[in-house]
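Let the sequences and hints guide you as you build the complete structure.
Number of protein chains: 2
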Amino acid sequence: MLVLPIERFILPTPQTKLQVPRISDAVASALERRILEGSLKPGDRLPPERELSLELGVSRPSLREAIQKLASKGMVQSRQGGGTYVTDRLESSFFDPWQDMMGAHPNLREDMLEFRRMLEGQAAEWAAERATEADLTRLDQAFATLAEAFAADDLERRSSADIAFHQAVGEASHNALVGHLSAALLRLMQDNIRLNLGELKSIPAAGSLLMGQHAAIHAAIRERKPQAARAAAETHIDFVRETLAQSLRSAARRETAARRLNTDFSPSTIS
Amino acid sequence: MLVLPIERFILPTPQTKLQVPRISDAVASALERRILEGSLKPGDRLPPERELSLELGVSRPSLREAIQKLASKGMVQSRQGGGTYVTDRLESSFFDPWQDMMGAHPNLREDMLEFRRMLEGQAAEWAAERATEADLTRLDQAFATLAEAFAADDLERRSSADIAFHQAVGEASHNALVGHLSAALLRLMQDNIRLNLGELKSIPAAGSLLMGQHAAIHAAIRERKPQAARAAAETHIDFVRETLAQSLRSAARRETAARRLNTDFSPSTIS
DNA sequence: GAGACATATTGGTTTGACCAATTTACCATT
DNA sequence: AATGGTAAATTGGTCAAACCAATATGTCTC
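Chains as they are written, first to last, in the numbering used here: chain Y, 834 to 1104; chain D, 834 to 1104.
A portion of the hints provided could be inaccurate.
Identical copies go unnamed one by one, so any copy, or any two together, can satisfy a pair.
[Said to hold, decoys possible] Here are the simulated SDA-like pairs of lysine to any residue, each with C-alpha atoms no more than 25 angstroms apart in a straight line:
{"no.": "1", "residue 1": "Lys874", "residue 2": "Pro939"}
{"no.": "2", "residue 1": "Lys906", "residue 2": "Glu870"}
{"no.": "3", "residue 1": "Lys874", "residue 2": "His938"}
{"no.": "4", "residue 1": "Lys906", "residue 2": "Ile868"}
Hints in this document: simulated from the structure, not taken from any laboratory.
Take a look at the structure:
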């Protein structure tokens, strides 16, 4: 087991009095950093307390004090016998208000896609510039999982693997905001799509195209070509945007047709 | 010794999952109540941990977890060997998780500035492309207000005018996400700066430079030069970033100097 | 009375143990 | 083969006792 000592020296203890740094603060801060950096994502379960205390080189009570601190800030959540899980307060604090607005104002979706085009482009560019070996490994893995899910045609796994892949890119960009925001936005959109369009099966051959775009992003980052990575990410979003618009149009057509049928034959059936 | 058992039944554990009440939560909330009721006034010292744990009928580790929770909320403050004291300021808790993250992890500030550089650059570019006449009018007005506030040297008005100006740019970009995010991030940073650096008066001639940068952004948008607008916005953020870093360095220098003075002449004067 | 030193107090940390809830694996029943 | 239940392993929750280090307090000396 690798033992990585906690930094205890000049932790920013904002108290005015002269304070000896508490080890629980150091631990809490270390865990916070892992969450910020993305190595601990919302929904993840942290290692068991005994294990984690070994890994961090502190005793279990100290680790527990740190966890309690994070729990009181709402960043983690523990269940006896179950484990301790990372919550998504960071992301939700930015996007709780947006959740319901998306449904009410469809043109927000267009704004969102435009925003994501910028965000994911930048994320890919930075990732190509800055990714460490560990980042690349994680990216490979996420890509492999994504390919599997696509091959298996498992919508649920595909969706979560998609999020994981984009999250890995965001993580490799080494900017906490980019990582959390892109993940949050993607999740938001997927929920919204699932809500408004059923399973989006209306797109027949999109699968292989999407997979090719993901591969292009992955390759450009691996080969450390920032501009190519940005271009690939933007192409990807452009494709999603176009496909989505098309799918919406056809859905609207179907709906009007259905409505016409309704009004013609059974006007009382409101649905 | 009076033993008053802690109520453990239906403590308001806001977690969504089915949760067994933790004893440390019960203790924390019991202490909180004492503080709110006034039996523990700000400045008071709580009983020693060993004593208090007896009194409450819980073990010392559990009591400590509770105290750590309160400490992370800023309600109490402990000094090794000294004791645990009730803090005098109760209403200091900022509930935005990003806010205290910024304080605890300084590199997050850098991420934030990097992100803002992208965001505000894009906002300015889009604003230059898309602003309607109404947008431009609003922008003119925001700029005028900002100039006034700068001239009057009113920090409070200046800060809110600053936010309003960037918000106007965001609105003119005609992307709801850009507008809200850039405003939210600016507000977040301003709060953080005010918190960590006092009033940031340490920057002497920055005022006119900042004003010039705002003018450049304004002009480029008005003349509908997207690239120039983006460049101006990026220059603005670069300047803020550099100035902030410099100011932080000098603050650190001042602090070390003060510490040296302390250790030289009056080592007993802690605060 | 002022300063220095010894002692007691008090929070900080660790070790080790046991309990209780949950999860997991396995097995028998249908 | 699917289902249901039970036992074992896992994991957070709690406690006890001990030692360390910083602080506070009392005492002693000059």
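Hint check:
1. With identical chains, the CA atoms of Lys874 and Pro939 are at most 25 angstroms apart between copies only, with a shortest distance of 20 angstroms across copies and 29 angstroms within one.
2. Proximity of Lys906 and Glu870 under a CA criterion of 25 angstroms is satisfied in both settings, with 18 angstroms inside one chain copy and 23 angstroms between copies.
3. Taking the closest pair of Cα atoms, Lys874 and His938 come within 25 angstroms of each other only across two copies (17 angstroms); inside a single copy the shortest separation is 29 angstroms, beyond that limit.
4. Taking identical chains as interchangeable, the C-alpha atoms of Lys906 and Ile868 lie at most 25 angstroms apart whether they share a chain (13 angstroms) or sit on different chains (20 angstroms).
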